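Modelling step: build the complete structure from the supplied sequences, incorporating the hints.
Chains as they are written, first to last, in the UniProt record's numbering: chain A, 1 to 196; chain B, 1 to 226; chain C, 1 to 175.
Please keep in mind that the hints were generated in silico from the structure rather than gathered at the bench.
Derived CB-CB ranges, DEER-like:
(1) I9/A to E168/B: 45 to 55 Å
(2) P70/B to F152/A: 33 to 43 Å
(3) R114/C to R13/B: 34 to 44 Å
(4) I20/B to K193/A: 24 to 34 Å
Short derived list, chain C residues pointing at chain A, Cβ under 8 Å:
(5) W78
(6) L84
(7) R134
(8) M145
(9) V147
(10) F153
For clarity, every value in this text was computed on a predicted model and none was experimentally measured.
Using N, Cα and C, we set each Cβ at its ideal position, and we do this for glycine too.
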Amino acid sequence: MGPLIPYDIIPFEWSSIIAIIIGLCFGFILEASGFSSSRKLAGVFYGYDFAVFKVFFTAAIVSLIGLLYMDYLGHIDISMLYIHPTYLWGAIIGGAIMGIGFIAGGFCPGTSLSAVAIGKIDAIINVLGIMVGVFIFSELYPLFEPIYNGYFYGNITLEDSLGINPYWFVFILTIVAIIMFAVTDMIRKRVKKVFY
Amino acid sequence: MVNRKLVKFLSLRYKILAFIFIVLAGGLVLLPKHEKQEGISPEKLLANTINPERYISTDALAEKMINQDPSLLLIDVRNESDYKKYTLTNAINIPLKNILDEESEPYLNQDAYDVILFSNDHFHADQAWILCTRLGYKNLHVLNGGINSWYNTIINPKMPTEDMAHTEFELYAFRKAASMYFGVAYPEKVKKATVIKPVTKPSITAAPKKVIVKKKKKKLPIEGGC
Amino acid sequence: MKNKTQNRHIYWNPYFGGFLLGILIIFTFYITGRGLGASGAMKSSVVTIVDDVSHEHAEKSAYYSKFISGDKSPMNNWIVFETLGVLIGAFISGSISGRIGWRVQHSPKITRRRRLIFAFGGGILFGIGAQIARGCTSGAALSGMAVLSTGGFITMLAIFGTAYLFAYFFRKNWI
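Below, the structure written as structure tokens:
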């Protein structure tokens, strides 16, 4: 019955080692999928490369289906998992700022780290920028605090907020994603190829 | 030939993968729904129920109370008016109807104390015991016979007759001593006939023990993944 | 032939990468009960640097003080170890495919300098945004989506939605 560390099946002291192993796999997958290339990442917004979209949604669907099956079969207690808290306007405004940052800088933190590892100078600059951004946020924290702490809805899931059955939601999401994959392939054929 | 077949198969691979995904996701929708079993399985519950170990006799309880056993936690599952009239020393009141409430949980679901449930007889206490055991709570006991038995054995013990075994006399001596401890006056001691009546100690209403709430194992990280 | 030399990066099939990433997320949740993350490590580094430069300032600030707890260094954190793993893992993958080297990747239409300035500016925005939303694309959006968190879905929609809206203004940088 998982999750293993919160249930003390694996002692807490192991978590650092497990963290490194998980990070290692994460970094390997990101780099091998081409996420260390900012132009490949940006391709999703101009229609010449949909790798980000495909990787992201395939991962989301696989993990959703997998976790729900594991929960159903009793291997994992889904109520013990950390659910990202919902701060409505924090998520929207923060997400919007990140969106602009994404298209301007071409990286998000995870991908820029994997690009730093293979020596991309723009990624190193991007990581420095992210750190400066965190610094600015922390210094101006009183200014951001109403958004940061406001509109808190708790650690809710879509089931709580929309009243939707998670199984049906995942089923519909899967179909939508597969249709989107097909559509993106069609778009990609029409868009002028960009070599990078 | 094989090669051509392989090429043909590979051209379909995305469709096959998409199909597998839809089947898997559809499987989730079509799976028979079952209520998640909370707590222990019925078989285990039955084994626990048959086992008479949960009963504690009034004598054993009296001894524990006289020795001021620090691990003792008495819970009165009768309703509040009965509790106010009479209860055992230092007992706290959780009426049976509130046994599953959130406020009751820290008292019942813990591993620091031996919880002893009691009611007038042991019927309601037993029901409370089954409910809590079903939820997987540990260290729960039931006072055998409940308050009635407590009254008959400890507060007002029967004098053994001459032909009874020696142990009965010892037991009677103990019970008498215990009843004095719980505040019953005896005529031969005080040379004055008094009506034997259960005495309530003053400190019953306040929950006497600070119960350490069993730490929930769920530990949320302060900050999420990122 | 020219295309071949330019497009020499042999990356995994995106579905394969996505599948493995999904399995990794399940594995992470199964072991630790939480998702992946990345920007948390940068926050920890910033907190550590500020704490080293001026301990008083960090103590006084409402935000830093949340992450400074007595004897425990903010770097002694799950997410920091995970990030070290990301660096090692990406380096291994890069060295297997021969992608390692100091270079700046940019569209031929813009200068190297412009690319670096934009990378820096984008980083600043991402840093601020990730703090407001309490997570970046991996921590909030990807791991949040895996457990159907409402906040995760909103963050994901906000990131990709705004990026599409603003893509037009930055097109010269990429195409």
